[in-house]
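**Student:** Sequence:
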Amino acid sequence: MMLSEGRSFESGRCDHYISSDDVDRRTTLTGNAWRRRLCGWQLWFVYGLVIGAVAAIIAGIVFAVGKSPKTVKRNISPRPVILDIGPEPVKLEVKQSVPLSINDELKEISHLGGVGEHATEIVHFTEFKRLATKFDKTYDDVAATHAAYLKYRRNLDRIERHSKKQRATYTVAVNRFFDMDYEDVRRMFLHPMKNTELPVTRKLLDEVKVTDDNRGLYAALKGVGHQAGSINVGQNIGFENIDWRLVGGVTPVKDQGGCGSCWAFAAIASVESAFRIESNANVSLSEQELVDCESTSNGCNGGLSDYALDYIRKSGIRSEDSWPYVAMDQKCTPHTGERYKITDFAGATGIDVAKRLLVRGPTVVYVAVSDALLDYAGGVFNGECDDTNLNHAVLLVGEGYDPAVKKRYWLIKNSWGTHWGEEGYFRLERIDTPNDKCGVLSFGFTPFGTSQQS
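For the sequence shown, UniProt numbering assigns the number 1 to the initial residue and increments by one for each residue that follows.
Some hints could be false.
Said to hold, decoys possible - Think about it this way: if two alpha-carbon atoms lie no more than 30 Å apart in a straight line, the pair counts; the simulated DSSO-like pairs of lysine-lysine are:
| no. | residue 1 | residue 2 |
| --- | --- | --- |
| 1 | Lys165 | Lys151 |
| 2 | Lys355 | Lys341 |
| 3 | Lys331 | Lys314 |
| 4 | Lys164 | Lys407 |
| 5 | Lys164 | Lys129 |
| 6 | Lys137 | Lys151 |
| 7 | Lys129 | Lys107 |
| 8 | Lys165 | Lys129 |
| 9 | Lys341 | Lys209 |
| 10 | Lys134 | Lys107 |
| 11 | Lys209 | Lys355 |
| 12 | Lys314 | Lys355 |
| 13 | Lys355 | Lys407 |
| 14 | Lys209 | Lys406 |
| 15 | Lys151 | Lys164 |
| 16 | Lys406 | Lys165 |
| 17 | Lys137 | Lys331 |
| 18 | Lys341 | Lys314 |
| 19 | Lys164 | Lys134 |
| 20 | Lys341 | Lys331 |
| 21 | Lys107 | Lys151 |
| 22 | Lys164 | Lys406 |
| 23 | Lys137 | Lys107 |
| 24 | Lys151 | Lys129 |
| 25 | Lys355 | Lys406 |
| 26 | Lys151 | Lys134 |
| 27 | Lys209 | Lys407 |
| 28 | Lys407 | Lys165 |
As the list claims (entries may be wrong) - Now the in silico label distances, taken between C-beta atoms and shown as ranges:
| no. | residue 1 | residue 2 | range |
| --- | --- | --- | --- |
| 29 | Arg154 | Ser295 | 38 to 44 Å |
| 30 | Arg154 | Ser315 | 40 to 46 Å |
| 31 | Val326 | Arg408 | 35 to 41 Å |
| 32 | Ala404 | Gln235 | 28 to 34 Å |
| 33 | Lys107 | Ile431 | 47 to 53 Å |
| 34 | Tyr182 | His419 | 15 to 21 Å |
| 35 | Ser295 | Asp140 | 31 to 37 Å |
| 36 | Ile102 | Lys406 | 41 to 47 Å |
| 37 | Arg408 | Val233 | 25 to 31 Å |
I should point out that these hints are in silico values taken from the structure, not numbers from a laboratory. The model shown is predicted, which means the values in this text are computed figures rather than measured ones. Beta carbons are placed, not taken as given, at the ideal position from N, Cα and C, and that holds for glycine.
Throw the hints in and build the complete structure from the sequences for me.
**Tutor:** Listed below in structure tokens is the structure:
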């Protein structure tokens with residue numbers, strides 16, 4: 001059968017070929033000029049195989065999606081990362097499997113920029129999520145998570161840089177402020193005292209002398225025992241090496257939470273200590289009453305501890321059980337329960353804060369908190385801080401010497417919970433300037449004359 005000029009068709013066979021007459025035999029044998037044709041039944045057979053394969057693939061995908069769990073885990077080999085944040089490096093270990101949700105969340109925030117390679121960042125982001133759970137932090141959306149994570153990474157970088165400071169006598173670590181920068185903390189917790197708010201110096205008390213009655217107390221305060229020759233009747237009590245914790249004169253560390261109420265916590269801590277020392281009474285008093293009702297202060301937006309002490313002197317204060325702390329401003333409403341009062345409180349400035357007040361009991365002081373102090377984890381803090389721009393109220397409970405770093409220090413109780421610093425305390429380098437380190441001796445107040453009223 002002739003198809004056209006120069007082309008032939010051999011009927012009755014399926015593997016037939018068409019060749020151009022213009023192409024020589026050698027070329028056709030190489031297959032470059034040949035085009036194979038398939039029979040009709042072969043074409044249908046191939047089509048059937050292709051359609052069947054596609055259908056099988058689609059069915060497999062549908063089945064896999066239907067059976068997959070809501071939380072998928074992707075295996076990641078353990079990749080330890082060392083963070084040198086103190087005298088001993090800290091190792092962060094990635095678990096064998098990381099929830100896909102964490103991977104996806106990291107990918108989402110990575111799209112917003114500023115995040116490194118996924119394989120490296122997954123270690124830090126997993127730790128970031130752990131800290132968020134530990135400190136009960138939540139974020140409204142991806143943008144908020146992204147902003148918090150970038151602050152966390154910058155904080156980590158600052159902590160790593162600290163390890164290279166050879167003169168530092170303190171360690172640092174991530175803590176409750178892990179996702180905040182200094183401006184965030186300042187806005188929420190640190191409220192600078194204005195010149196018009198500076199406390200008026202109260203009548204200066206005499207120095208305390210050793211008597212037969214108090215000799216044992218001060219020997220115990222200094223941790224030297226009754227036989228120590230340095231504790232002699234008739235001499236003035238020196239403030240060095242005093243630690244009011246040694247005689248049970250300090251109540252447990254509390255946590256002010258997200259409320260700028262350090263002024264209330266410092267005042268309450270001093271009154272609780274006065275009850276322990278003078279009355280041997282273990283009381284926990286209400287910071288919330290001061291936040292709600294001390295009208296000369298600003299509740300969660302800052303205040304002055306000496307105003308709080310004056311409120312307690314005039315009106316008394318209820319127990320924490322009868323007026324619990326909620327870390328927010330509330331309307332001042334009447335509460336029932338016993339009231340705890342003080343007769344008065346003494347004030348001093350400069351070294352007299354230690355010589356005349358600390359020797360009588362734990363003393364309210366104000367300090368200037370810097371971003372370096374926020375990261376404090378232990379040791380004697382000798383980092384940078386101002387000594388005039390006071391912004392935080394704390395309780396001075398002692399003075400001591402650290403032979404490891406050869407420095408004297410002030411022992412201070414904070415109100416940021418026991419996860420911060422040395423179980424809620426910090427030791428501040430004593431430098432013997434008029435206001436001393438971070439302005440700790442600028443002003444001091446100690447309550448006395450405790451009583452209870454029904």
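**Student:** Decide, hint by hint, whether the structure agrees.
**Tutor:** Hint by hint, here is what the structure shows:
no. : hint                        : verdict
1   : Lys165 x Lys151             : 22 Å, holds
2   : Lys355 x Lys341             : 25 Å, holds
3   : Lys331 x Lys314             : 20 Å, holds
4   : Lys164 x Lys407             : 20 Å, holds
5   : Lys164 x Lys129             : 27 Å, holds
6   : Lys137 x Lys151             : 14 Å, holds
7   : Lys129 x Lys107             : 14 Å, holds
8   : Lys165 x Lys129             : 29 Å, holds
9   : Lys341 x Lys209             : 26 Å, holds
10  : Lys134 x Lys107             : 23 Å, holds
11  : Lys209 x Lys355             : 11 Å, holds
12  : Lys314 x Lys355             : 27 Å, holds
13  : Lys355 x Lys407             : 19 Å, holds
14  : Lys209 x Lys406             : 29 Å, holds
15  : Lys151 x Lys164             : 21 Å, holds
16  : Lys406 x Lys165             : 17 Å, holds
17  : Lys137 x Lys331             : 26 Å, holds
18  : Lys341 x Lys314             : 8 Å, holds
19  : Lys164 x Lys134             : 28 Å, holds
20  : Lys341 x Lys331             : 22 Å, holds
21  : Lys107 x Lys151             : 17 Å, holds
22  : Lys164 x Lys406             : 20 Å, holds
23  : Lys137 x Lys107             : 20 Å, holds
24  : Lys151 x Lys129             : 13 Å, holds
25  : Lys355 x Lys406             : 22 Å, holds
26  : Lys151 x Lys134             : 17 Å, holds
27  : Lys209 x Lys407             : 27 Å, holds
28  : Lys407 x Lys165             : 17 Å, holds
29  : Arg154 x Ser295: 38 to 44 Å : 39 Å, holds
30  : Arg154 x Ser315: 40 to 46 Å : 45 Å, holds
31  : Val326 x Arg408: 35 to 41 Å : 39 Å, holds
32  : Ala404 x Gln235: 28 to 34 Å : 30 Å, holds
33  : Lys107 x Ile431: 47 to 53 Å : 49 Å, holds
34  : Tyr182 x His419: 15 to 21 Å : 19 Å, holds
35  : Ser295 x Asp140: 31 to 37 Å : 33 Å, holds
36  : Ile102 x Lys406: 41 to 47 Å : 46 Å, holds
37  : Arg408 x Val233: 25 to 31 Å : 26 Å, holds
Violation of the numbered hints given earlier is absent; every hint is satisfied by the structure.
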